[in-house]
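*Asks:* Top to bottom, those sequences are chains A and B.
Using my numbering, you'd call the opening residue of the first sequence number 1 and step up by one each time.
Using my numbering, you'd call the opening residue of the second sequence number 1 and step up by one each time.
Keep in mind that the hints were calculated from the coordinates and are not lab data.
Quick caveat: nothing in here was measured; it's all calculated off a predicted structure.
For glycine and all other residues, C-beta sits at the position ideal for the given N, C-alpha and C.
A few of these clues could be false.
Claimed, not checked - Negatives, chain A to chain B, calculated, CB over 10 Å: (1) PRO71; (2) GLU103; (3) ASP248.
Stated by the list, open to error - Partial list, derived from the structure: chain A residues whose beta carbon lies under 10 Å from chain B: (4) GLN13; (5) SER55; (6) GLY56; (7) PRO154; (8) ALA184.
Stated by the list, open to error - Covered stretches of chain B, as calculated for chain A (at least 3 residues, CB under 8 Å): (9) 175-188; (10) 231-237.
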Amino acid sequence: MDPILSLRDVSRQFVTRGRLVPATAALSLDVEAGEFLTVVGPSGCGKSTLLNLVSGLLAPSGGTVLYKGAPVRGVNTEIGYVTQADNLYPWRTLRENVEFPLEVRGVARAERRQRAAAFIERVGLGGFEDHYPYELSGGMRQRANIIRTLVYDPEVILMDEPFGPLDAQTRLILQDQLLDLWDAARKTIIFITHDLGEAVALADRVVVMTARPGRVKRICPVPLKRPRDLFHLHDDEQFRITYDTLWDDLEAEVRKAAETWRRK
Amino acid sequence: MAAKVSVPELTPRREWPRLLGWRVAFGVGVLLLWELAAGRWVDPFWFSSPTRIIVHLVQWTREGTLFGHLIVTLRETFFGFILGSVTGILVGLVLSRLEFVAKVLDPFIVAANGIPRVALAPLFIIWFGIGELSKIVLASTLTFFITFYATFSGLRAVEPAYQEIARVMGASERQIFFKVNLPAASPWIVSALKVAVPFSLIGAIIGEFMAASRGLGFIIQLNTNQFDTTGAVSGILVLMVCVMLFNGVLNRLERYVLRWRPRERAGEAREFQ
């Protein structure tokens, strides 16, 4: 089967204070439809740039991004993007936030209500529909942020460290919920994280990126069967082996990144 | 989680009776001190006194003078506010989309806003007559700039992530404008509208001072010219009460429009503006 997304030698530079800084260089990657792909790499390796390129919010400086075989031009609205900060609209209630993408896509009011309500119930936010974001905890906001993307059923979902700012237990619960949701819909997910444990626990394949300028260092399939019991995964032999193998790769890149910081 | 939800709602409500009590106490205290001072330490001919003012206000009300003049000033204030803020918001909306035009016009807008309105008042009276229209236009020159700057800056300050995420979710530029930019800028616009109301009143009064045959400003001016301090201060007190009432109404409106903001933050703006 053809990959749903492919990046061919994609590079992207930024100009900061008159200096050209390459965020990614010669990055190539194929993403299969329906797979759960996680991406790890040292800080500043261009992980977020990768997602911005895939979503079409950024145009590549070189190379091509292909979506279903065609080059991406402009924002790709068949893709959903869950950002690191929740970016819920503070002036909309939880329900109104979740309905937003349906509203702008012209879905009728009754259907909007129904689809939003189903997701809200599913992630345990029932009873909070009419609360504004400031009245919700961080974990609740992040769940709302995720279902706001799932509700319009995009083919590909990009997630940029969505659980980063949450405490360990809330993360575990949300990871579990995310796997449930993914299992039900089997959409393609590209999930960025700095937490290798999270990357291995969730993924079909883990991508390790190099220090800046970011490119793919290694892609490693995760041989764990699904459904996975995230609450006991740390005892699993396979989990530990995969984790350790990847850590060797990642550690080298993290040290390299730290080295460049010292030089500056 | 439950605590986080309930705390912001409870605090201001419990505080409210105590706050009201102290406010009334402060107002009454000032009036008592004034009453005490009048005739003892200061001459009531120059400074009047609360009892004289009350008697005066009752008399004005009986004669119907107060209401007649008050309604003129309120009408000027109201239409000046509407005219200035509607055009201010519209021009702000348009210029926020036309970056280059906004840059070209910038120094001229700054200069126009810098004109002292007292200098404009006589001109407006020449152009628009001594009736209510000249006061309405004068008031609108104040409210226009307040709402224009707020709308313009508010739209410029919209979090880019809000717009990008809307774009990814499939919103058109038009939808982004109405569903993201406008609500994001609404706190700026609402607080500008709040500030604009007393300024509109100031504009109307300045106009009435210059040349008028009716209105509270006219009455204050007339009484001052006749050394009737009680009459002048009575007029000023009525104006103060009007501003307080307007502000009360505007606070309600603000709390409704900005109900999505945490209470503490809305409260800050409420108490110190």
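*Asks:* So, A:ALA184 near chain B? Judge it on the closest CB pair being under 10 Å.
*Replies:* violated, 21 Å
*Asks:* Run the C-beta distances from A:GLU103 to all of chain B and say if the shortest one exceeds 10 Å.
*Replies:* violated, 8 Å
*Asks:* Any CB of chain B closer than 10 Å to the CB of A:GLN13?
*Replies:* violated, 20 Å
*Asks:* Report holds or violated for the interface hint on A:GLY56, using the least CB-CB distance to chain B and a cut-off of 10 Å.
*Replies:* This interface hint holds because 8 Å falls under the 10 Å limit.
*Asks:* Over 10 Å from every CB of chain B: does A:ASP248 meet that, or does the non-interface label fail?
*Replies:* holds, 36 Å
*Asks:* Three residues or more, CB to CB closer than 8 Å: is that satisfied between the stretch 175-188 of chain B and chain A?
*Replies:* holds (count 6)
*Asks:* Has the stretch 231-237 of chain B got at least three residues whose CB is nearer than 8 Å to a CB belonging to chain A?
*Replies:* violated (count 0)
*Asks:* Classify the hint on A:SER55 as holds or violated, based on whether any CB of chain B lies nearer than 10 Å to its CB.
*Replies:* At about 6 Å, which falls below the 10 Å cut-off, the nearest Cβ of chain B leaves the hint on A:SER55 intact, so it holds.
*Asks:* With d taken as the least Cβ-Cβ distance between A:PRO71 and chain B, does d exceed 10 Å?
*Replies:* Fine: 18 Å to the nearest Cβ keeps A:PRO71 off the interface.
*Asks:* Grab the minimum C-beta distance from A:PRO154 to chain B and call the hint holds if it beats 10 Å, violated otherwise.
*Replies:* holds, 9 Å
Comparing the model with each numbered hint stated earlier shows that hints 2, 4, 8, 10 do not hold.
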